[in-house]
Structures are given as structure tokens and as C-alpha cells.
Amino acid sequence: MLSELERETARESDAVTEARRVMQICNACRYCEGLCATFQSMVRKREFPEPELDYLANLCHNCTACFHVCPYSPPHLIDLNVPQSLTALRVETYEKYAWPGFLATLLRRNGLAVSMVTAFSLSLVLVLVIVLRDASVLFSSHVEAGSFYEVIGQNVMIAVAGGTFGFSILAMFIGVVRFWFSTQRSSRVRVGIGSLLRALWDVVTLKNLGGGHNEGCTTRDESYSNQRRVFHQFTMWGFLFCFVSTSVAAFYDHMMGWVAPYPLLSVPVVFGSLGGLGLLIGPPGLLWVKLQSDSRPMLLRHYGMDYAFLALLFFISLTGLLLLALRETSAMGIVLAVHLGFVLGFFLLMPYCKFVHGIYRFAALVRFHGKPVG
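Numbering-wise (the numbering used here), the sequence shown opens with residue 0 and increments by one.
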């Protein structure tokens, strides 16, 4: 009779097989034991079933420090490339746990998928605007409260944007629940407020992008730099500030009856502007860091996913700030339509693009700080 691990091994992907080989060798060597959370968690295990490897792959922050200190990295015959192996498996987990499953096929050609969905979303919004509003409204100057709804009706905006956002939240919630219960099968942990707070602190500080010594990720010349960490902070906080802006604006509109656009010093505009600036700096900075990094530990065939995701965030920010600058001019209608097209594309792709890595990584960090059961 085959054991459960042997049955899983018989049907596993090449990425899982390679990740297991790498982790077994690393667990015997333990030269990188104190380097990051991935290796600290790895040494607690003697076997690596697929769910455990899924967990370790998402716990990895791809700082690549292990590649440069490993005595068995290429061109050594053992050919250990931990960052590349875990990246390949991590990308597979995005599709494996995604819901609904048939939409997860978008990940197989993610860069193309992002481009096509964004183009479709832009086209859809522009067509709706042109069909539902005549040129005199679309190209007029709007300075009064509720001017955005003169271009795109409030009910249409809420139905399309709210519907796609609600679907994405549901899909991501189901995906992370699947991830959590699958990885719990291999090693049960008890989590509480303490583990949640420690995981949140790791996210806020991006501790695991410190390379194990708080000096940052390795670069092409094998020195250390916090550039990636800094640009990641701009991106993360930029997105969170934009989310706060949107949430407060929704509260103003639906609960207080205050209709957009809001004054320049209002909470939604201030947070939206700060978030927009963060997303103008962070994504291009991360792209620049990628282009400057050592390509050996990277999985270059999946760079299309990263580039498309960063470009989408950048153009959402750019069109949002343009909308703020031009909201009292005749260009506002077209800029609003283009901005909402990018936002709609982002909402549709959130559960199936690089965005989900932050959610799975947070779940992995919560488990890392939990207490083993038994």
C-alpha cells in the first residue's frame, strides 16, 4: 500500500518535486538556518508533503540572500536554487487555490491576461459612457457636487465597480481559506491575537525583505540593498491609502449624503493623493530594481506577471491623479472613464494576478508565528 505522501508524490508537478528536493538538502545542510522565516520554519520538519511546500513557498519573500550564501548554488553540481524553486511553486499555488477554478487559467499567461482584461475593461467603460451620455455632457466642464455621476450614472458605477470588487473579495477569501486549511493538514498550529499581531508587524516592516540581517536584498554584485524594501513600502502603503480614500468616500456618499467630488483638503482627497503618489513611485521603482537584480535566482518566465501587475497599479495611480487635476475641466469625462476602466480591470484580476501573493504571504506569516499543536 502506498503512503499518503507517496500517492501525492505520484501526481505532483515538477515544481513540487524540485522544491522538495531543495528543501530536503537544505534541511540536511542548515547553513541558512537563521537567515529568514522560511528556513526557520523548514528546520521544524522532517518530511515535506505538498501542502507544507506550498506554505514554505509563500513564506519566502524572494530576497535571494540564500542563493548567494549557499555553497551548492549553480554552477555546483547539486544545483540548488532556492529562490527560483520556491518562486515556481509559489506561482503554482496562486492557480491551485484560486476560486472559481476555471478562471484560474488566467494565471497561465498572466501578462497577456492582464493586458487583455484591462483593454476590455477600458473599452467597456468608454462604450458605456459614449452610449449613455451625449457629447455635450461628456466634454463639458463640471464643477458642482455630483459631477462624476453626470458622466457615469451613480447606479451604473455602483453596480459595475461594486459588483466586480465584491466578487474579487469573495474569490480571494475562498482562496486564502483553501490555502490555510490545506497547509494546516501538514502541520497544525494554534493562532491567536499574538500571532496575528506579529505577522502584521512583519508585513508593516517587511522584515523578511531584510535578507536575514536587516541590510536588504542581495543585488547583482552580491552586495545588500534596501531599495526593494523601500519601493515595496511605497507600493503597499500607496495601495492602502487609496483603499482608505475609497472607503471614506463611500461612507461620505452612502451614509452622510455628501456627494463627490470632495474638497482638496478632505480625507478622501488627501489619502487618495498620498496613495497615488506612493503608487507612482513604488511600482516603477520595483520594476527598476528587478531590471538591476541578478537574474540567476529569478524565474524570468514569470516576469510578465510582475510587469503587468506593476504597470496596472501605476496607470491606476496616474489616471487617478490626472482626474484630480482635471476634474473641473472638459477633459474630466474621458479621464474618469479611462481611470474607471483601469480600476475595473484591477478588480477583475485581483484574485488571479500577483496581488494575491500578499494575502497568502500574510496567512503564511500568521502560521509561522502560531504555536504547533501536539
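In short, the hints are calculated from the structure, not lab data. Treat each hint with caution, since some may be false.
Claimed, not checked - In silico lysine-lysine, PhoX-like type, Cα no more than 25 Å apart, as pairs:
no. : residue 1 : residue 2
1   : 95        : 44
2   : 44        : 370
3   : 206       : 370
4   : 44        : 289
5   : 289       : 370
Index of numbered hints that the structure contradicts, given in increasing order: 4 and 5
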